[in-house]
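Q: Now for the letters of each chain:
Number of protein chains: 2
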Amino acid sequence: MIDKSPEKLKTILAETESVGLKEFISNLSPLELAHTISRLSLHEQNKLLTTLNTPDAAAVIECLTGAQAANLISGLPPAESSKIIYKISSRKQIVILRKMAERDVKAILEQMTPVVAENIRKLLKYDPDTAGGLMVPEFVAYEEQDHVSQVLNDLQVNRDKYKNYNVQYLYVKNENGKLTGVLRLHDLFFHPGGMNLKDIMITQPHCIKATASLGKLREFFSEHKFFGVPVIDSEKKLVGVVLPQTVEKASQKQSERQFLEFSGIIGGDEFRTMPLISRSRRRLSWLSINIFLNVCAASVIAYYQDTLSAVIILAVFLPMISDMSGCSGNQAVAVSMRELTLGLIRSKEILRVVSKEVWLGLINGLALGILLGLIAFIWKGNPYLGLVVGCALMVNTAISVVLGGCLPLILKSVKLDPALVSSPILTTITDMCGFFLVLSFASIILSKLT
Amino acid sequence: MIDKSPEKLKTILAETESVGLKEFISNLSPLELAHTISRLSLHEQNKLLTTLNTPDAAAVIECLTGAQAANLISGLPPAESSKIIYKISSRKQIVILRKMAERDVKAILEQMTPVVAENIRKLLKYDPDTAGGLMVPEFVAYEEQDHVSQVLNDLQVNRDKYKNYNVQYLYVKNENGKLTGVLRLHDLFFHPGGMNLKDIMITQPHCIKATASLGKLREFFSEHKFFGVPVIDSEKKLVGVVLPQTVEKASQKQSERQFLEFSGIIGGDEFRTMPLISRSRRRLSWLSINIFLNVCAASVIAYYQDTLSAVIILAVFLPMISDMSGCSGNQAVAVSMRELTLGLIRSKEILRVVSKEVWLGLINGLALGILLGLIAFIWKGNPYLGLVVGCALMVNTAISVVLGGCLPLILKSVKLDPALVSSPILTTITDMCGFFLVLSFASIILSKLT
Numbered sequence: 157m158i159d160k161s162p163e164k165l166k167t168i169l170a171e172t173e174s175v176g177l178k179e180f181i182s183n184l185s186p187l188e189l190a191h192t193i194s195r196l197s198l199h200e201q202n203k204l205l206t207t208l209n210t211p212d213a214a215a216v217i218e219c220l221t222g223a224q225a226a227n228l229i230s231g232l233p234p235a236e237s238s239k240i241i242y243k244i245s246s247r248k249q250i251v252i253l254r255k256m257a258e259r260d261v262k263a264i265l266e267q268m269t270p271v272v273a274e275n276i277r278k279l280l281k282y283d284p285d286t287a288g289g290l291m292v293p294e295f296v297a298y299e300e301q302d303h304v305s306q307v308l309n310d311l312q313v314n315r316d317k318y319k320n321y322n323v324q325y326l327y328v329k330n331e332n333g334k335l336t337g338v339l340r341l342h343d344l345f346f347h348p349g350g351m352n353l354k355d356i357m358i359t360q361p362h363c364i365k366a367t368a369s370l371g372k373l374r375e376f377f378s379e380h381k382f383f384g385v386p387v388i389d390s391e392k393k394l395v396g397v398v399l400p401q402t403v404e405k406a407s408q409k410q411s412e413r414q415f416l417e418f419s420g421i422i423g424g425d426e427f428r429t430m431p432l433i434s435r436s437r438r439r440l441s442w443l444s445i446n447i448f449l450n451v452c453a454a455s456v457i458a459y460y461q462d463t464l465s466a467v468i469i470l471a472v473f474l475p476m477i478s479d480m481s482g483c484s485g486n487q488a489v490a491v492s493m494r495e496l497t498l499g500l501i502r503s504k505e506i507l508r509v510v511s512k513e514v515w516l517g518l519i520n521g522l523a524l525g526i527l528l529g530l531i532a533f534i535w536k537g538n539p540y541l542g543l544v545v546g547c548a549l550m551v552n553t554a555i556s557v558v559l560g561g562c563l564p565l566i567l568k569s570v571k572l573d574p575a576l577v578s579s580p581i582l583t584t585i586t587d588m589c590g591f592f593l594v595l596s597f598a599s600i601i602l603s604k605l606t
Numbered sequence: 157m158i159d160k161s162p163e164k165l166k167t168i169l170a171e172t173e174s175v176g177l178k179e180f181i182s183n184l185s186p187l188e189l190a191h192t193i194s195r196l197s198l199h200e201q202n203k204l205l206t207t208l209n210t211p212d213a214a215a216v217i218e219c220l221t222g223a224q225a226a227n228l229i230s231g232l233p234p235a236e237s238s239k240i241i242y243k244i245s246s247r248k249q250i251v252i253l254r255k256m257a258e259r260d261v262k263a264i265l266e267q268m269t270p271v272v273a274e275n276i277r278k279l280l281k282y283d284p285d286t287a288g289g290l291m292v293p294e295f296v297a298y299e300e301q302d303h304v305s306q307v308l309n310d311l312q313v314n315r316d317k318y319k320n321y322n323v324q325y326l327y328v329k330n331e332n333g334k335l336t337g338v339l340r341l342h343d344l345f346f347h348p349g350g351m352n353l354k355d356i357m358i359t360q361p362h363c364i365k366a367t368a369s370l371g372k373l374r375e376f377f378s379e380h381k382f383f384g385v386p387v388i389d390s391e392k393k394l395v396g397v398v399l400p401q402t403v404e405k406a407s408q409k410q411s412e413r414q415f416l417e418f419s420g421i422i423g424g425d426e427f428r429t430m431p432l433i434s435r436s437r438r439r440l441s442w443l444s445i446n447i448f449l450n451v452c453a454a455s456v457i458a459y460y461q462d463t464l465s466a467v468i469i470l471a472v473f474l475p476m477i478s479d480m481s482g483c484s485g486n487q488a489v490a491v492s493m494r495e496l497t498l499g500l501i502r503s504k505e506i507l508r509v510v511s512k513e514v515w516l517g518l519i520n521g522l523a524l525g526i527l528l529g530l531i532a533f534i535w536k537g538n539p540y541l542g543l544v545v546g547c548a549l550m551v552n553t554a555i556s557v558v559l560g561g562c563l564p565l566i567l568k569s570v571k572l573d574p575a576l577v578s579s580p581i582l583t584t585i586t587d588m589c590g591f592f593l594v595l596s597f598a599s600i601i602l603s604k605l606t
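As given, the protein sequences belong to chains Y and C, one line each in that order.
Heads up, the first sequence is in this note's numbering, so the first residue is 157 and it goes up one at a time.
Heads up, the second sequence is in this note's numbering, so the first residue is 157 and it goes up one at a time.
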């Protein structure tokens, strides 16, 4: 049984020579490695990377998520980190550099040769969730007039280089560098060596613009079962290849980010290995906005203070109405957000959502209203109390279900992030409404309640 | 400009002959098709499937998500639906049948030949998020003593059949049917036709058990950049192949499901094309449990009714404390759930989470407590009121952050679904705590508040 524990790694790192470090690491799966490294102190993490030689350190970095790797690399001097970055695959380079502070990225790029640095800078300019941001910048391309035998020869000669390119297709360009055709690798075997690529290639190949969104890419791969799609820039020049697994992975990251944002983690990213202060600040920035929204909602209660004094038991039901309406609304928010992501609904189809949610809101409002009304009646023996809280919950549920269903669509069409903004806005509005309904209903039949 | 609107499709379907239906559909991308079909009535959906011939109907079904397809197919008589199901790819068959009512599945399988039905039944028995549940049951396998030329010949003869198999690897089994080797397709080209597969195959191939979890599969593919992994049953016989894109897709579905469950959609699945009653029932079942949890929490307020009567302004702050603590706690829940999914934390590492969250909870509690305390003080001009609500929020934030961080780990280790259960439990406990803190602090210094 090999000891794979973080403690064992800590012991190895505490030694001056750190004997057996490489062997220890080679026994871990990437997941175990990520888990173990997240248990090290900042100092130990630095020691780990600097003790390993550059290719081994790069291999470690490749196993980690972008955020974890960025965190680890930021701790090294730029001269060291640039060497490691240089050794990792270009897709991962971009993923990691995107997660680092701008200043750190600049320092690292300055250590690289101008050509390499310029290439990376170009790739960093693409938005993350576009074809340009998701593509692998390496591909194998030839000219139209190249012969089959030349290509086979080139593939043979450069096999070590191409091995890492994930080559499934060969791309063909004309004299201006524009993409004009595509070939599957095995097409080469079935044609005489003297033929031009132009004569055997598939012309007008499917391709996608560098600015195409993740949604577009997902649509493309759901329609075409390809192993990759070429990406072209504004001049129709081939700049990279997007692989279907990258698209799937990016979609998953997107839903994870949505989930975290929806729960109030701004930026959709937090690991417990991040520094305490940065975690605290991120969470607080969202909470402190929320507290002011809460004050707005609570001011409705303050306005009806007299009614509340007269029927103090209502104070018991206010948080319940607030919580229940929030829950009903959030269910509708989640369904809308999912349908938006899957492309099953578009942001202008608000009327459709209203027509679907209003009935559901009324049915669920009726059910919950009756339930809460009965609870209040049985608890306090006053049917009017039951009527007030039951009706208030009923109306407020209907409002919050409809509002929750529409909010993501509205926010999306005004270019706000539905995941981050829906829930606070929903809660504030439904709280205000709910408090108003309970307390105004109560004011109307105050004599029956006291 | 082609009219691709749902209205156009409705017009076509309203005709007796539905001329141009096939053409209309062939102009839509899969996403547009899914979107358009979701706009049809149940009757129109049935007409759509029955008007198309079986292969075309199957092609339509292939484009839809499992839930949408299941919904559509359930509307047809079993004799019709079994024909369509038979025509779609075996992966998709399973995905769709899993989403259908058991009774409907039984009826459909009875219409099929016993062998086909038995095969499907076998596949349905695997848990959805395991290698068995995610594998493609088709693959190309040969015997160890087969010759290279025989294999090449078989590939040529059956190319139409294999074309749909996504063949990247050929598998090799011994006389007992056990998986003993693997070959890449192009390995065949570089060996003489008379050689045995046994002599050119890669022995002891990587493989995965049919019961392996989605997490294990994700780990496997993050470690090995393969185009697929063979799946073996308990007797080490090859039963299928899992593709990396299936694993990515399943992971994404898992996070989507988590997101919906977290928002109170039981089962993690709802589309607005589902019948109103089933949507309402699903949402209600979660809400009605929540209402009882709310009653528990609110009973704390009822217990302190006298204090509240004396200082009615406290009623304004109770929903705020409840909402703010809930938000702080949910942030921690989301981070824990993400770290659990990514395998960065294990369910027994509660102490680690506590040690990470307790400081964050104290810092954020301090910040929010001071903020709310100041708001209360400025609003009502009573420093003691500020002290009571500020301290209560401070303590309660710390509690809810720590609890929120730990809950998913605790729930997971007792085999409850953290996505579904974390939030209601968290809210109930932090509400009770929050109400108790505010009202008991207030009781202690009641004289200063009135």
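In short, the hints are calculated from the structure, not lab data.
Remember, predicted model here, so these are calculated numbers, not experimental data.
Backbone N, C-alpha and C define an ideal beta-carbon position, used for all residues, glycine too.
Keep in mind that a hint or two might mislead.
[What the hints assert, rightly or not] Straight-line Cα separation of at most 25 Å, SDA-like style, residue types lysine to any residue; simulated pairs:
id: 1; chain 1: C; residue 1: K405; chain 2: Y; residue 2: P284
id: 2; chain 1: C; residue 1: K381; chain 2: Y; residue 2: I244
id: 3; chain 1: Y; residue 1: K381; chain 2: C; residue 2: K262
id: 4; chain 1: C; residue 1: K166; chain 2: C; residue 2: P211
id: 5; chain 1: Y; residue 1: K409; chain 2: C; residue 2: P211
id: 6; chain 1: C; residue 1: K571; chain 2: Y; residue 2: L187
[Stated by the list, open to error] Counterexamples of contact, computed for chain C against chain Y with all Cβ distances above 12 Å:
id: 7; residue: G176
id: 8; residue: P233
id: 9; residue: A297
id: 10; residue: G517
id: 11; residue: L518
id: 12; residue: K536
id: 13; residue: L602
Q: None of the hints should be skipped; say for each whether it holds.
A: Hints and how they fare:
no.	hint	in the structure
1	K405(C) - P284(Y)	holds (20 Å)
2	K381(C) - I244(Y)	holds (15 Å)
3	K381(Y) - K262(C)	violated (31 Å)
4	K166(C) - P211(C)	holds (21 Å)
5	K409(Y) - P211(C)	violated (35 Å)
6	K571(C) - L187(Y)	holds (22 Å)
7	G176	holds (21 Å)
8	P233	holds (27 Å)
9	A297	holds (21 Å)
10	G517	violated (9 Å)
11	L518	violated (10 Å)
12	K536	violated (9 Å)
13	L602	holds (15 Å)
In summary, the numbered hints that this structure violates are 3, 5, 10, 11 and 12.
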